[in-house]
Each structure stands twice: as C-alpha cells, then as structure tokens.
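K.L.:
Please put together the full structure from these sequences, using the hints given.
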Amino acid sequence: MKVLGLGCGRPGGSAEILLTAALRAAGDAHLVRLTDLSGDDDLWWLWERLVECDGLIVSTPIMTRTIAARLKTVIDFLLGPNADAAIIEHLTAVRRGGTEPAVPFRVDERVLKPRVAGLLAVGGSLTPQWKTLALPLLHTTAFSMHMAVVDQAVFGGAGTPQSILLDDAALERAARLGGNVVSQLGLAFDDVRYLGEPGLCPMCHLDVVELTGTAVTCATCGSAGELGDGGTIRWTDLTSSVISMAEKRAHAREIQETAAAHGKLRADIDRRAAEFGIFEHMLRP
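In full-length UniProt numbering, the protein residues as written are 1 to 285.
Hints are computed from structural coordinates only; laboratory data are not their basis. Remember, it's a predicted structure, so these values are computed and weren't measured experimentally.
When the alpha-carbon atoms are kept at most 27 Å apart in a straight line, the in silico BS3-like pairs for lysine-lysine are as follows:
(1) K72 - K131
(2) K2 - K72
(3) K113 - K72
(4) K2 - K113
The following label-pair restraints were derived from C-beta to C-beta distances:
(5) A274 - D229: 55 to 61 Å
(6) D229 - R10: 46 to 52 Å
(7) G213 - D40: 44 to 50 Å
(8) E48 - T236: 39 to 45 Å
(9) T212 - D191: 32 to 38 Å
(10) T73 - E226: 36 to 42 Å
(11) D270 - G124: 48 to 54 Å
(12) R10 - P81: 28 to 34 Å
(13) Q162 - T92: 41 to 47 Å
(14) T236 - L126: 34 to 40 Å
(15) P81 - D168: 40 to 46 Å
(16) T239 - R65: 25 to 31 Å
(17) G27 - T127: 34 to 40 Å
Glycine included, each C-beta is placed from N, C-alpha and C at the ideal position.
P.N.:
In structure tokens, the structure reads:
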C-alpha cells in the first residue's frame, strides 16, 4: 500500500513539516513537492503518482483564507472530469457497449481503485475566520477520484518560517492523521471510517453551510438538510453531496446529455459566435 504526500508550500516550511510528521507516521510513503514541478509533462508525471497511490496526504499553507495557488493549478489541470470516478465509470461502460460518448474525456480506469486521503492546512492567523475556506477547498483534491477523507486538520499561529515546530500538539496531530490514513488503506469507500473531528456535515465533516430560510446546504459538498431549533440541522438528502457516487453519476449524465443537446445546435452556436465576435480593445503584456 503506497501513501503519497503532496507538499504545496515552501520546501522545509511549516506545511511541509506537518506533512513530514504525517508521512513518517504513515510508514511506506513518498513526498512530492509541487515546487519541483514545472510544465504539463511534470503534471502528467504527478498524475502517474496519483493513480498509483493508495493513500494521499495533502498539506498546504493557507493563503488569503484559502489554499496555495500551486495546488489550485494541479486541481484544475488534473483533477477535473478526467479524474472523475463516475465519468470514468460511465465512459468505460459506453465504450464497452461499442459507442462513443458525446464528450470524449480521457479515460484512465486506474482512477476507480479505492483510495483514502488526509488533509492538512496551516496558516499564520490565530483567529478562525482567516482559515475558513482552507479545508473546504482541500476537499477538491479528493472529490473527483472518490477518495474517502479519513482525517483533516487546520492549524494557525505559524506566521513565520518553520514556526509550526514550536507547536508540539500540531506535530502530534499531524502524525496522528498519518496513522489514521494508513489504518484505512485498501478499504472500499463505504467501509472507510472517518477518524477526524466530527463537524456538522455527515459527508465531509465540516461546518461551513449555506442557509436559505430554514433550508441548509453544506457549502463544501452539497448535502441538504433543514435548520431546526437551537441551530441544529436535520440532514435530509446526502445523495446530493458531491462526495456521493449518486451525485457524481447524475453529474456525469448531465454533462453527456448537455453535450449531446449542444451538438445538435453546433451550427447555430458557431453562427452566433461569429456574429458576437471578440472584444475590440485588448490589452497584452
């Protein structure tokens, strides 16, 4: 069983220190620094490491309440439709049936093997509002491949280089996360136990929600519920969560159906695009 660590901050910085603590506890593990990657070829090299691994631990510095830009680039380039478990499942079935899908995404069946993940984020601020978006966005590293997040933790107070080393509890917590990830390696998604702090949402175990009257939606994953007395939440639909395969499959069908409908209107789209044109006053460096 292979564990891959993805370091998204400065080499030797606080995010990498926490990742190192987690990987040492994980045992058979390797670290990839995103600072070592440049260009598309290196990103596809990283893809090979991702599809080979059984467990992924990601550690990022918190930048402007969110995750490092390097990690956002990896997510956008590698972890969209080409890594979506439901899309790969659907395209594989379509092609085995002898037809081609409306949107021919790249198909790599290695995406479908079970994987688990652990998520770490560290910032300088001591107050929670400067860290709110870090773990929700870190979940986008796990959504597509249907990785089960075993544990997740966010840390603050590390506002100068390597200063997380002053926080023994943080290092111990990161090591515990590494051990928790290893304990669930090889298990099917539905058999994986979540071992981190519980949170409000039963799917992503985070606390960021959207309220529309008394209707509640988890802002991280989309689970649906109703607001009750005293701020309690009664979760009514977990299949709407992007973590669930039910929602992933519905999304995959929607993409193909939309593409098929637009395919019939391609001549009209091309005509409208030609008439619309491009903006005339362009600035370039």
